[in-house]
Amino acid sequence: MPRLNSAADLEKFRKDTLAKRDPEKLCVTVCSGTGCHAYGCIGVAESFINEIKSRNLQAKVDVRKTGCHGFCERGTVVIIFPEEICYLHVKPDDVSEIVQKTLIEKGTVDRLLYHDTDGKKIVREGEIPFYKHQNRIIFGNNRFIDPKNIDDYIALGGYSALSKARFEMTQEQVLAEVKEANLRGRGGGGFPAGRKWETTRDAAGEPKYVIVNADEGDPGAYMDRSLLEGNPHSVLEGLLIGAYAIGSHEGYIYVREEYPLALENTKVAIESARQYGLLGENILGSGFDFDVTIHRGAGAFVSGESSALMSAIEGHVGEPRPKYIHTSVKGLWDKPTCLNNVETWANVPFIINKGADWFKSIGTENSKGTKIFSLVGKINNTGLVEVPMGITLRDIVYDIGGGIPNDKKFKAVQTGGPSGGLLPESMLDIHVDFDELTRAGSMMGSGGMIVMDENTCMVDTARYYTEFLAQESCGKCVPCREGLRQMLRILNNITNGEGKEGDIELLEELSEFIQEASLCALGQTAPNPVLSTIKHFRHEYEAHITETRCPAGVCKALISYYIEADDCLGCGLCAKNCPTDAISETEDKIYVIDQEKCIKCGSCLKVCPEKAKAVALQDALYARY
Amino acid sequence: MCAKKQISSASGFQDSMMADVVVIDDEESICEGCRQTLEAEGFRAVIAHDGTEGLKLVEQSHPKVVLVDLKMPGISGMEVLANISEYDPSIVTIVITGYGSIDSAVETMKIGASDFLTKPFAPEKLIESVRRGMEVTRPAEEAEVTEQVVRPLEVPEKAPLNKQNVVLKGLEVLGQYYSLGFKERQFFDELRCLESEAKHHADRLGQMKEKGQAVLDIVRDLRRVDSIIQKYAYKKNTLIQILLDVQMEFNWLPRHCLEWVSTRLNIPHTNIYTVASFYEALSLEPRGAHLIQICTGTACHVRGAASLVDRVSSILGIEPGQTDSEQLFTLETVHCLGCCALGPVMVVDGEYYSNPSTKQIQEIAASCKVSSEKGENYAQVELSR
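So the protein sequences, as listed, match chains S and L.
Numbered per this note's numbering, the first sequence spans residues 1 to 625.
Numbered per this note's numbering, the second sequence spans residues 1001 to 1385.
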């Protein structure tokens, strides 16, 4: 392991590494993000290694386990360089065929390629519509890098921004560049990072701290995790540059415990950066000292709030405090502390390397650069997408996401996580940036984007978010703790068919109160899902209250399953799959559901053979009987 | 250091007078009662009948805990308290008072008393209060105190051993004693002390048949906790990290382990329990050998996670957050596992299942039952497939 003692050392090491690598050499990259782990990518990678070994191809082919490629819907994703042949849904059994047909015979395995709606096959990764409409800058390097190998990152120009900032720029120039680029925080609020840095730098008190917030608690959002898993060095480099500009020598990375792979890769990255002299004392021989500690979060949504997160690092319960004085002035141990989200830090090396003008050329007037979204829910192409600010929601949902599965109708898209709002179809053409989303009654948040179709109940969705927030409320301030509990009670009543006239107005009134009076952003934004669903889908609330009907067929108390006697084939699949034995055979050899025992899980509907379609869903309880 | 001036500098003639507790009260019956109760519990107690005598005894016998009556002839209880706290702030003082008014209690707490007993008090109350007081002394502060206050009589302390290590060693000895079949009556005083310490860490020790093994198991657990705490260099701010590691090690947070963390880090129990009950990743209940997680993140929710939870619940017969009576399964809902493409997703011991059917769930449950021995080390296999 070399210790790099100057900018020249780093440059020489990069050249040496590149010289050792033949760009024409075949390289099989296997996506090893958590999504692909769930699909069994470890087995795929092992099969490749074994197969290549058994055919004695080690000298001709490299195998690399990379971070997340983003196309989680089609995991395990395998890309073969230099041709960039992209295979999807790869299973260990497919490996030997890929090795034979592609690595040896230079052909393709057609059944594993992407096929567009017309059935045309697409070979190259970049031409797949999911990728074609993206602008992968921050996330793009994931597919080239083995996150456990620092050399991969350095070979791609890694740490050159740090070297540039440290040797060619003053602290003020670095700060000015980031301010000029107008980089806004990617964690939710969109506060300009440069201004935060400046406040921390100018605040009285030593030492100053810098923190990476990787406590990604939004359900349905996982881009920070994938970034930290797939390219931890880019986050570290950003942090180092920030620390230099601010004058900090100590940092923390706060990672959720639920992200074991991100934790592991970050640990490895820190260790190897220390060995290379890129972290610790006298970084790159420049006299600049900086080190970083990992803090594992223990599962509390509110701990992602800056003051709560700092309280957790201090070893206390992760509860927020009033921020009359910003954490950038008095944060960790009451010292000036600059906290930014993973993605924000990862943007910094690009801004330093390519300049503020380049960064400003992407995006809209007040929101520059790109943003990574996790596009999930009722969507064909679930995955992580990086798009320039200002792209329309429609482009994201249809061009990149491939629309709604099973020809269902689009109903809404939820952005900003539990603090955000739901946007109906009429708003699909808004341009996605910080200000537009806020204007539309939602927010950017950390970048979760959950698509919902006609079978999603909006009241249930509002209830879901409220339940989540009521659970996660730390209980420190009354409006949030009690207000959310009351809202949840009302919503539970409505979804149970016990809603009353006036409930909607009461919800609105409570919402206003909670927004105004809560201590931290969790409470202040908590009513957003309820307010936005009332605004755009009031008729669904009314159907629940006045007709005791759930139009989407979701709310359990308001629906029932029954078997159409004329269509039943008597196959008994439904009875076998019923977890509560609620389905029994009658004398006529057909099946009926005992409504008393039924827990309405829908298993019977799922297994009923296509040709029979005898199980039906009634959107009002016992309406048939 | 007025206490020192007041009390004639004590000479070393009374080495035998080392005591754990000094009781200062003008009522003979109270003094005697306390002494007998405390000695029966294995504490060494000495008594004094007025303030002056009491302060002398404190200086001579280096107690950890001093019980002081508020109303006494001569020097008042308040003055005695003030003198003691100035003499050696690490001594824990407990006030005995005949009139338990709030005002006087607050007043005494202000000058450093850590507890108070209202006369008449039950022997159990006394023992509990004294025992709590004995725990307060801690390694870090012990060192500090010996530096600051030059004591006329040096406490004979084995250099590398701090109190906690002595306790661990002692508990081991106690466990071996039990194993050899010794009866409690034959115990030396020291062993009695140890037994009360052991009881403190395992409240059901009295009812256990295999006491020897039980104590040894406890010591083994505490040593495992110790090695975790050591990794974090006894820093208080690493509490959450330590608890996460303890949880990883034991699969939950057993009470004696939390007590030990509290002793080692010198963090009050209530703070430890505040943290332990706040975070979802920490469990104060034993968990099953197999962990079943169902993701209820938004993406999974809109794809039907709620009905998956219902199905799994009804098959296993437990609600989310519960463990079955045989401690085979723990069912949990988690907010997002970040594999939204598979939603609704269920994870069993690190194995992912995308929207499993009723039959599949039944099969998985059955295979878990068969291989329940394997459950031991599931904690670290979240991702290893």
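The hints are simulated quantities; they were obtained by calculation from the structure and are not laboratory data.
Among the clues, some could well be false.
Below, a list of computed lysine to aspartate or glutamate pairs in the DMTMM-like style, where the Cα atoms sit at most 20 Å apart [claimed, not checked]:
(1) L:K1236 / S:E250
(2) L:K1231 / S:E314
(3) S:K101 / S:D118
(4) S:K597 / L:E1124
(5) S:K408 / S:D619
(6) L:K1235 / L:E1351
(7) L:K1235 / S:E314
(8) L:K1235 / S:D334
(9) S:K476 / L:E1128
(10) S:K91 / L:E1351
(11) S:K556 / L:E1135
(12) L:K1359 / S:E585
Ranges between beta-carbon positions, derived for each pair [claimed, not checked]:
(13) L:R1223 / S:K101: 24 to 32 Å
(14) S:E314 / L:K1071: 55 to 63 Å
(15) S:K576 / L:S1354: 28 to 36 Å
(16) L:A1366 / S:T586: 37 to 45 Å
(17) L:S1357 / S:E97: 40 to 48 Å
(18) S:T546 / L:E1319: 28 to 36 Å
Since the structure is predicted, the reported quantities are computational estimates derived from the model, not experimental observations.
In this text, a Cβ means the ideal position worked out from N, Cα and C, and glycines have one as well.
**Item:** 20 Å limit on alpha-carbon distance, applied to hinted pair K1235 (chain L) and E314 (chain S)
**Value:** Holds, at about 10 Å.
**Asked** Has the given pair, K1236 (chain L) with E250 (chain S), been kept, meaning a C-alpha gap of at most 20 Å?
**Response** 18 Å, holds
**Prompt:** Has the given pair, K101 (chain S) with D118 (chain S), been kept, meaning a C-alpha gap of at most 20 Å?
**Reply:** 25 Å, violated
**Message:** Within 37 to 45 Å: is that where the Cβ-Cβ distance between A1366 (chain L) and T586 (chain S) falls?
**Reply:** About 30 Å separates the Cβ atoms of A1366 (chain L) and T586 (chain S), which means 37 to 45 Å is violated.
**Asked** Is K91 (chain S) close enough to E1351 (chain L), meaning Cα to Cα at most 20 Å?
**Response** 16 Å, holds
**Prompt:** Taking the beta carbons of K576 (chain S) and S1354 (chain L), is their distance inside 28 to 36 Å?
**Reply:** At 20 Å between Cβs, range violated.
**Message:** Need the status of pair K597 (chain S), E1124 (chain L): alpha-carbon distance at most 20 Å?
**Reply:** Given that 20 Å is the threshold and the Cα spacing comes to 53 Å, the pair is violated.
**Asked** Is K476 (chain S) within 20 Å of E1128 (chain L), Cα to Cα?
**Response** 32 Å, violated
**Message:** Just to be careful, I want the Cα atoms of K1235 (chain L) and E1351 (chain L) compared with a cutoff of 20 Å; is the pair within it?
**Reply:** 36 Å, violated
**Asked** Does the Cβ pair E314 (chain S), K1071 (chain L) satisfy 55 to 63 Å?
**Response** 43 Å, violated
**Request:** Given the hint that K1235 (chain L) pairs with D334 (chain S), test it: the Cα-Cα distance must not exceed 20 Å.
**Result:** Answer holds: K1235 (chain L) to D334 (chain S) is near 18 Å, not above 20 Å.
**Asked** Taking the beta carbons of R1223 (chain L) and K101 (chain S), is their distance inside 24 to 32 Å?
**Response** Since R1223 (chain L) and K101 (chain S) have Cβ atoms about 57 Å apart, the given range 24 to 32 Å is violated.
Checked against the numbered hints given earlier, the structure breaks hints 3, 4, 6, 9, 11, 13, 14, 15, 16, 17 and satisfies all the rest.
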